[in-house]
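All chains, full assembly: derive it from the sequences and hints.
Top to bottom, those sequences are chains X, R and V.
Okay, so the first sequence: first residue is 1 according to my numbering, each after it adds one.
Okay, so the second sequence: first residue is 331 according to my numbering, each after it adds one.
Okay, so the third sequence: first residue is 838 according to my numbering, each after it adds one.
Rather than coming from a laboratory, the hints here were simulated on the basis of the structure.
We put the CB at the ideal spot given by N, CA and C, even for glycine.
Treat the hints with caution; some may be incorrect.
[As the list claims (entries may be wrong)] DEER-style ranges, computed between Cβ atoms: (1) G475(R) to T303(X): 58 to 66 Å; (2) R299(X) to Q1079(V): 28 to 36 Å; (3) R299(X) to Q924(V): 44 to 52 Å.
[Stated by the list, open to error] Cut-off 30 Å, straight-line C-alpha distance, at most; resulting in silico cross-link-like pairs (BS3-like, lysine-lysine): (4) K671(R) to K953(V); (5) K706(R) to K671(R); (6) K326(X) to K671(R); (7) K953(V) to K326(X).
[Claimed, not checked] Just a few of them, taken from the derived set where beta-carbon distance is under 7 Å, the chain X residues facing chain V: (8) V42; (9) A131; (10) A133; (11) N134; (12) L137; (13) A145; (14) T151; (15) L266; (16) G269; (17) L298; (18) G300; (19) S302; (20) K310; (21) L312.
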Amino acid sequence: MNNLLSAPARPEAPATERAGRRSRTEIIIVVVVVLAVLAAIVAGLSTPRFATVANAKAIITSASLVGIAALGLTLITIGGSAVSLAISPSVAAVGMIFLSAQSLGLAPALVLAIAGGTLITGLQGAVIGYAAANPVLLTIATSFAIAGLATGISGGETVSPTGTGYDRLNATPGGVALSVYALVGLTLILEWLLRRTAFGRTLYLIGENRRAAWTAGLPVGRTTTVAWLAAGALFAVTAAFTAAFNTSANVNLGGTLTFDAIAAVLAGGTPISGGRGSALRTLAGAVLIAAVSDILLLRGYSTGVQIMVKGLIVLIVVILVHLHAKGRNA
Amino acid sequence: MSPDDDLVRVDRLVKSFGNTRAVRGASFGLAAGEIHALCGHNGAGKSTVVKMLSGQVAPDDGAVLIGGEVVDLRSRQVAQRNGVALVDQELSVVTSLTVAENLILGDLRARWINRPRATGRRLRVLLDSVGLAHVGLDQPLGDLGIGERQLVEIARALGQDARLVILDEPTATLSDVESAYVYEAVRNVAAAGCAVLFVSHRLGEVLGLCDKVTVMRDGAVVATTPVAELTLDSLIVQMLGEAPQRLGRRTTGDVEGVEVLTVSGLSVPGRVRDFSLTLRAGRVYALAGQLGSGASDVLRAIAGLMPAATAELTVDGTAVGLGHPAGAIRAGIAFVSNDRKADGLFLRRPVSWNLLATRLSQVTRLGVLDPRRWSKALAVLLDLCGLDPARAGHAVGSLSGGNQQKVFVGRCLGRDDVRVLLLDDPTRGVDVGGRAAIHALLRDATDRGIAVLFSSTELEELRDLADVVVTMHQGEAVRRHDGDPADTVLLREMTHGAGPALVEERP
Amino acid sequence: MRSRSLRRPETLVPLASVTIMIVAFAMIPAYTDAAIAPFDVYNTFQIFARLGLLALALGLTMIAGEFDLSVVGTYALGGMLAVQAGQEHWVYGLLAAVAAGGVIGLVQGGVIAGLKLPSMPVTLATYITLLGLTSALSGGLTKTYSNPSVTLWVDQTVLTFFSPRSLLTLGLFLLAAVVLAVTRWGRELRAIGGDRRASQVAGVRVGRLIVGTFMLSGMLSALGGSLLSFSLGSANPDPGVQPLIVAAAAALLGGLSLAGGRGNALGLLGGIMAVALLAEIVTVAALPGYVTQLFFAGLLGVIVVIDAPDLHRALLRQRTRLRPERNPASMPITTRELS
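Next comes the structure, spelled out in structure tokens:
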């Protein structure tokens, strides 16, 4: 039996394993992406006042609030829980907490807001992680619950700040809004977490194949819950900035943030099915949408057209990402 | 008989998947009114022939002739229009519909508006003919047991006025009584002038029911023989080929290691009844059983994947709770599923991630990956499972089946805390080279004192690898073989259960 | 064990929710001083008409195992087109809206079925696109409909309790119920939602069905939006996400499942009536609006958690653990350690 025991693994011919071979779909995808980038550059450069420092600041500032929330959503999406549809009400509720706690000072208010946001979203994550509840439906329910409770507790009134500490969040050190620094810093931290920690690895594995992760004994429930807790903290940061910017908060503070954040994640090329994606991609997605909206705005197109183009970008990226993944596995 | 008399003719069909030639030039014919069996081991190419005949897979070369004309079966609908009805290998009924709705699902004769009274009478007769007289037409299918659902699918195919009815392992999940109804119904359909292609692992029913038997091996047709010229043994010889008793079987049987795992009274409702086994260190145990025999369920239950399972389970004398995979893993039980795509590997992730997925705590410091520990652990594992280190960064999904399985097995080994390794059909879809490598891996594991339990249907694998073989049939263990059982005995027990004929053949 | 049809979720859930709401509705005099007026019933049906077609559109895609988030976008666009194209005659507006809905469904269904994409991200992108398109068409402004006779007609009281609008919606529900129950299309729709692979093997044309379902969903949402615009006498370019959430809640209370394959139009009707009754009770009892939301949240939350698969697994495991061991004496006989 020596021959079997010492049998060397036969190195198979490289041709049998498709690594590095490009299929036709992939070539099409590359062509489409290159053309789109060229078109964007031409459109940008030919638009008056686009390629200026002031405009770049405007773009990144408008991307920053949606971007931070989208970072949180990225964790949820990578972990295979699709999306949260309760981002806007969470942000509204946390914004109200933040402003009404201003009398305690900025730091305690911020801690309170982040704790509140983490708790609200983390609880949902626990139900999804341990019981495998459907995230879309669960967050529809919680969006009602949070909005209802927020309305009930505030009496439907707009909350005004009880102190002035919040205004420091509106600072613009070096001429750039504080939220932009927060976005960049958080993106880097998150990217590091996803790439270099056991938590990040586990999250990708669960997102790719929850059943396999469970069978292999990975901590599916715990990791999912932690991802949602972190997402809740990021929604809370968005809420603090948004509330500080508006200097008041009511149940509509979140606005269309839920869908804007989803759009940013999808436009960054993170598939909704999970297991792939990154914080940097989401940052790119948020900036892409903000830049295109900016070009359209500078060229005098209406808000409607801007929203429509945003939708089309998401649609095209979703299709391209899907074709790309298929071309690889085919 | 000349080929012109055949109602259906399969002419030199060829099909490759990637670089595996699943079917290489298969030809045979079916006459009207004939029940024709298609036999062969797993991987012989039967299923691919069935898929080509039923419009689910397009052949690379060759043709299918029905009624003397070449037909292009490019989809299930086109195949149905050409008179091909199918009972798929996998149960293909919709649980959320009623029995009647399932019976006419996809039926070309179904009108746009349901006519329950007109069709009801026909369906009632159809249902009675497969022994489901006690089942109501308006009952939701989800209320029926697995066997009854299978009978509904069979009734659907038989009721389609087809010229060719294909039944792919129709009785694998059925009891003998249920099977008897199926045989009767199949005979009636054949008597009405339809050709029937009957794929089965149960050789007894093949001999009892069919008129002719085509045996496939390694993607090619070995022979088509009238059943009158066959016996159980000659059929088995055809399926096995002229394989001589190979040397090199391990002879460690006389050394009894310590008890590692004991299972007693393992039951899974509807799947396994009272299964008991003790595994000793350093030995390889096999469960030999076809689809539906419960062999795979035993493994899954021990691995903690079946919440409804009950048993007393101990590892190294310590009781282990069932029903949670993390608990089983903590106890030192590693499980290699037969479905490595669905509950095994992370296909889009690199080899390195897959190998280290369950070992993150050992390659991290305070939750942060330590690149040195990572590459050290990776090198050990790559070496253990004999994979080229250059492949560590490739997505597992891009590897061949054999290498994928090596990654899967490797992930479960190379851990000091593993006491028991369970493998469900470990070499499914793996070529000969990969198979030898995986067998070597398992031998390696036993040398380090691990007890191995695997399920398989392949006689060669059972013979080469296992020290102890337990045959299983319909949810129960049939017999335990500690010696070197004859292939014919194993095959009989796997396909028949414990028949009286076995008594004198026991060693 | 068999034919306990009442215990099936697609019957039980809508029946329970609508019963609870009817009881609560009948008890209105207990918490307000006024008796129930016929107008309260009329108004309930008006709320039903407002959401009914949207929920039906979403429900059909849910039965097929898909989820069409874009219904609210089509709803908004339909309402806007009906007003803008229907200034001369309402028929033109209605035709334009329904045709647009059909085209949107055709494109979406084609992409989803043709490329085998999940429906969530595609319909989300379409939803955003349609909101933008609607807003671009109207310049972001609410457009008024200058044909008051149509507005008066669609909401006039018929048979004390109904209006032409609510009757039309009810009629479409009954039609959908009949179609789902007795046609091949209905059967195959439930089949592809229940088990797509099995349906494919059985010979169902899955791709065509998905495209058809999305077209129907688009047309129904556009029709719902048009009727709403006629009733309000104006079209709002952004209805917000509330209609979508309420429609999804109604569909789930109607016994549908996000996994697909489950449910029927009558159950869906029950779910929407429950939602409409709740909204009316809150209005009559002058309760603050957020109470409705909390009710929905509680109901939905319970349904979602009950449906969670890993919870089932844990419960089954516990039940197996707690079950007393069956006659252990028989074990040595069946151990089959024969050699």
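Would you list, in rising numerical order, the hints stated earlier that this structure does not obey?
3, 8, 16, 17, 18
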